[in-house]
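Top to bottom, those sequences are chains A and B.
Just so we're aligned, residue 1 is where the first sequence starts under my numbering, counting upward by one.
Just so we're aligned, residue 114 is where the second sequence starts under my numbering, counting upward by one.
None of these hints come from the bench; they were simulated from the model.
All values reported here derive from a predicted model rather than from experimental measurement.
Even for Gly, the Cβ is constructed at its ideal location relative to N, Cα and C.
Keep in mind that the hints are not guaranteed to be accurate.
What the hints assert, rightly or not - Covered, in the sense of this in silico footprint (three residues per stretch, anywhere, with C-beta under 8 Å from a C-beta of chain B), are these stretches of chain A: (1) 15–28; (2) 64–72; (3) 76–89.
Unchecked claim - Sample of chain B residues facing chain A (criterion: CB under 10 Å; computed from the structure): (4) Glu114; (5) Pro121; (6) Leu124; (7) Met126; (8) Glu128; (9) Gly129; (10) Asn131; (11) Thr133; (12) Lys154; (13) Met175; (14) Ala210; (15) Asn211; (16) Phe215; (17) Thr217; (18) Gly218.
Below, each chain spelled out in residue letters.
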Amino acid sequence: EAQVTQNPRYLITVTGKKLTVTCSQNMNHEYMSWYRQDPGLGLRQIYYSMNVEVTDKGDVPEGYKVSRKEKRNFPLILESPSPNQTSLYFCASRRPGGSDEQYFGPGTRLTVT
Amino acid sequence: ELKVEQNPLFLSMQEGKNYTIYCNYSTTSDRLYWYRQDPGKSLESLFVLLSNGAVKQEGRLMASLDTKARLSTLHITAAVHDLSATYFCAVGGRSGANNLFFGTGTRLTVIP
Numbered sequence: 001e002a003q004v005t006q007n008p009r010y011l012i013t014v015t016g017k018k019l020t021v022t023c024s025q026n027m028n029h030e031y032m033s034w035y036r037q038d039p040g041l042g043l044r045q046i047y048y049s050m051n052v053e054v055t056d057k058g059d060v061p062e063g064y065k066v067s068r069k070e071k072r073n074f075p076l077i078l079e080s081p082s083p084n085q086t087s088l089y090f091c092a093s094r095r096p097g098g099s100d101e102q103y104f105g106p107g108t109r110l111t112v113t
Numbered sequence: 114e115l116k117v118e119q120n121p122l123f124l125s126m127q128e129g130k131n132y133t134i135y136c137n138y139s140t141t142s143d144r145l146y147w148y149r150q151d152p153g154k155s156l157e158s159l160f161v162l163l164s165n166g167a168v169k170q171e172g173r174l175m176a177s178l179d180t181k182a183r184l185s186t187l188h189i190t191a192a193v194h195d196l197s198a199t200y201f202c203a204v205g206g207r208s209g210a211n212n213l214f215f216g217t218g219t220r221l222t223v224i225p
């Protein structure tokens, strides 16, 4: 089954403790992206990647890092999480061209205390 | 920075009625997307609109795009309870589909 998976789905952590949220897709998509969703703000893009070793900042990249060492994986790294990073995070992927339809993962709810 | 505004933010409507959700955006873009999100779930792609005047329909939902007016509409015909969800529009930014800007969403509740 074609899908985007994220782990963990739920995470409660403390300020300053480094964490990684993994994202993996099995559709051989070149493009992957991370978003955060906050009430009243919709989704905002954090980082995106056009292909392996090619990443670029989105709308709200501060406090986040990403890497793209393999085509299928695009982890989101929070080196020193803060409470304002408490949010619902979505990973997405798509194959450039055609309908440009994006496929979203199930989401990761992160709480930083 | 590209701004995307949706209205209304909240919409409560009776089954069988028609209504339209509006999506305005601030700068030129050649692509617009509509998504649906059910409570506690991920986003599901509904429509991809890639040209001025594009119109797409799926069941009771129809989306259109007017790039000159920087406006997209999502029209609901004869609403049913199953359409209750939050609907988002998203617009391609400086890098097109690589850099999407989302509206704040319209929470639709269809009352039986």
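Structure-based check of all given hints:
1. Beta-carbon proximity to chain B at under 8 Å applies to 0 residues in the stretch 15–28 of chain A; the threshold of 3 is not reached and the given coverage is violated.
2. Proximity of the stretch 64–72 of chain A to chain B, defined as three or more residues with a beta carbon under 8 Å from a beta carbon of that chain, is not established by the 0 residues found.
3. Judged by the Cβ-Cβ criterion of 8 Å, the stretch 76–89 of chain A is not covered by chain B as claimed, because only 0 of its residues qualify and three are needed.
4. With 10 Å as the threshold, the beta carbon of Glu114 (chain B) comes within range of chain A, its nearest partner Cβ sitting at about 8 Å, so the hint holds.
5. Checking Pro121 (chain B) against chain A: minimum C-beta separation of about 14 Å lies over 10 Å; hint violated.
6. Given hint, Leu124 (chain B) at the interface with chain A, is violated; its Cβ is 16 Å from that chain's nearest Cβ, farther than 10 Å.
7. This hint is violated: Met126 (chain B) has a C-beta 21 Å from the nearest C-beta of chain A, more than the 10 Å allowed.
8. Interface restraint check: Glu128 (chain B) against chain A, minimum CB-CB distance 27 Å, threshold 10 Å, status violated.
9. At its closest, the beta carbon of Gly129 (chain B) sits 29 Å from a beta carbon of chain A; the interface hint therefore is violated under the 10 Å criterion.
10. For Asn131 (chain B), the shortest C-beta to C-beta distance to chain A is roughly 25 Å, which exceeds 10 Å, and the interface hint is violated.
11. Interface hint status for Thr133 (chain B): violated, as the beta-carbon distance to the closest one in chain A is roughly 19 Å, over 10 Å.
12. Interface hint at Lys154 (chain B): satisfied, since its Cβ lies 8 Å from the closest Cβ of chain A, which is below the 10 Å cut-off.
13. Against a cut-off of 10 Å between C-beta atoms, the interface hint on Met175 (chain B) is violated, since the closest Cβ of chain A lies about 17 Å away.
14. With 10 Å as the threshold, the beta carbon of Ala210 (chain B) comes within range of chain A, its nearest partner Cβ sitting at about 4 Å, so the hint holds.
15. Contact between Asn211 (chain B) and chain A, as hinted, is supported at the beta carbon level, the nearest pair being about 6 Å apart and thus within 10 Å.
16. Checking Phe215 (chain B) against chain A: minimum C-beta separation of about 4 Å stays under 10 Å; hint holds.
17. Because the smallest distance between the Cβ of Thr217 (chain B) and any Cβ of chain A comes to about 4 Å, under 10 Å, the interface hint for this residue holds.
18. Proximity of Gly218 (chain B) to chain A holds as hinted, the smallest CB-CB distance being about 6 Å (cut-off 10 Å).
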